[in-house]
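*Asks:* Below, each chain spelled out in residue letters.
Protein chains: 4
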Amino acid sequence: MFVSETRIRVRYSETDQMGVVYYGHYAQYFEVGRAEAIRELGWTYRQLEESGILMPVVSMQLRYHRPARYDDLLLVRTQVSEPPGRLITFSSQIFNEEGIHLTSGEVTLTFIDQATGRPCPAPEKLINTFEPFFS
Amino acid sequence: MFVSETRIRVRYSETDQMGVVYYGHYAQYFEVGRAEAIRELGWTYRQLEESGILMPVVSMQLRYHRPARYDDLLLVRTQVSEPPGRLITFSSQIFNEEGIHLTSGEVTLTFIDQATGRPCPAPEKLINTFEPFFS
Amino acid sequence: MFVSETRIRVRYSETDQMGVVYYGHYAQYFEVGRAEAIRELGWTYRQLEESGILMPVVSMQLRYHRPARYDDLLLVRTQVSEPPGRLITFSSQIFNEEGIHLTSGEVTLTFIDQATGRPCPAPEKLINTFEPFFS
Amino acid sequence: MFVSETRIRVRYSETDQMGVVYYGHYAQYFEVGRAEAIRELGWTYRQLEESGILMPVVSMQLRYHRPARYDDLLLVRTQVSEPPGRLITFSSQIFNEEGIHLTSGEVTLTFIDQATGRPCPAPEKLINTFEPFFS
Chain A
1180 MFVSETRIRV RYSETDQMGV VYYGHYAQYF EVGRAEAIRE LGWTYRQLEE
1230 SGILMPVVSM QLRYHRPARY DDLLLVRTQV SEPPGRLITF SSQIFNEEGI
1280 HLTSGEVTLT FIDQATGRPC PAPEKLINTF EPFFS
Chain B
1180 MFVSETRIRV RYSETDQMGV VYYGHYAQYF EVGRAEAIRE LGWTYRQLEE
1230 SGILMPVVSM QLRYHRPARY DDLLLVRTQV SEPPGRLITF SSQIFNEEGI
1280 HLTSGEVTLT FIDQATGRPC PAPEKLINTF EPFFS
Chain C
1180 MFVSETRIRV RYSETDQMGV VYYGHYAQYF EVGRAEAIRE LGWTYRQLEE
1230 SGILMPVVSM QLRYHRPARY DDLLLVRTQV SEPPGRLITF SSQIFNEEGI
1280 HLTSGEVTLT FIDQATGRPC PAPEKLINTF EPFFS
Chain D
1180 MFVSETRIRV RYSETDQMGV VYYGHYAQYF EVGRAEAIRE LGWTYRQLEE
1230 SGILMPVVSM QLRYHRPARY DDLLLVRTQV SEPPGRLITF SSQIFNEEGI
1280 HLTSGEVTLT FIDQATGRPC PAPEKLINTF EPFFS
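Residue numbers (our numbering), protein chains in the order written: chain A, 1180 to 1314; chain B, 1180 to 1314; chain C, 1180 to 1314; chain D, 1180 to 1314.
None of the hints are false.
A pair counts as met if it fits within one copy or between any two copies, since identical chains are not told apart.
Below, a list of computed lysine to any residue pairs in the SDA-like style, where the Cα atoms sit at most 25 Å apart:
#1 K1304 with Y1224
#2 K1304 with L1233
#3 K1304 with Q1226
#4 K1304 with Q1258
#5 K1304 with T1268
Rather than coming from a laboratory, the hints here were simulated on the basis of the structure.
Given the sequences, and given the hints that come with them, work out the whole structure.
*Replies:* What follows is the structure, given as structure tokens:
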């Protein structure tokens, strides 16, 4: 299992007139969590794309327990529980500064070879990077 | 069962550098679908809020079958399959102009009494509005 | 002078906790206004891009007179006052349903040849399309 | 003169299909810059709102020199050049990691008393906080 943590400060633009973070914006927080997870492993999602691999999302599940509010410094915990194959699933838990669990999410992505536009297996390098966490 | 349809033109701002609609923006399309569904029933979500009821989202599920692209005129089909109680679930299907099924989503919302900040049952008026569709 | 009008319904996601449309989202409304203006002239911004021309924004000016609110059906009036050359400037005025003038904007874009990545003059076709409005 | 600096990592959601940051999103970066500037002065924009003062934007000007790209770690320099009165103007300069100047912006905000909904002078505390920088 691989776990990574990062922090995100809620922007004013991310609130809605209910006075809380709009429910659609958590997808962005999860994306930041995934990007920082990959950075922690020693490379970046940008490099992955530059190497010719795209990672479109195929499914997402979200549960909203409590609202996040403007200026909250959120803790985003991103977890990969299974080695990547044709798919990779990131689980995300978001907490506020008081440690209250606000949101749970699960995002599954696939790998696309940019040259052919077709699905491909996870790149060797990604598999190797994750290997130590699953043995 | 209640079904409502509306159309949304994809904005440039909604694309990302993969050349398709960013996965997080579908939550906005679903929101527009829900708002138009309620309008079709003879009132508006704005009026609902003005009457003191908030409807925060408690969960969302999404499946991304095919990408939507810039300037696509999307068809958003929004469906309510069960009469609202303490919760209401909207199912959404998004299609492009060629009729290709792009995205499926399910969003469940709860009802909050703005005065007390506490969950409350669906307002009478909403229940009555939906009733003909479930008998 | 060329003038085009289109309507945009304010989404919940576009409001912020001040209860009005977030100031940054007007750029999107202007973008929709420009896209619809070009469509009215018989082609689309999508086609323009497909023909190898990109139109990045070089400057924007905005004045916020009154706030737009959730579910407002906005009128976006988009105007081109001078024939396009190396630059093209779109002026936008946004009104609500009561005809109250909410926002004024001016967005200047340039033309980039995608093949070379370098600035280029406005494409012939665009110049010809606009010509009748400036003679 | 008061100058504050903060860093923002470009999110994937902030790019568009031109492969660069969408022109409308810089308003969010400026907002983050203003929030961090106020935090540096010892309080927060959240506290300002909680004290009953809203700060709607009345005008914005932007110049786009070079594009920002996905995963760029941007430096946002936020400057206040004149003591706040009925209005306050923040100037923002955005640079990438190579020190290249990408964007210039100027955002002017006013002060609204939430209780009356009417313009009011800058709160005493804000004036006092800024005073040392202008004498």
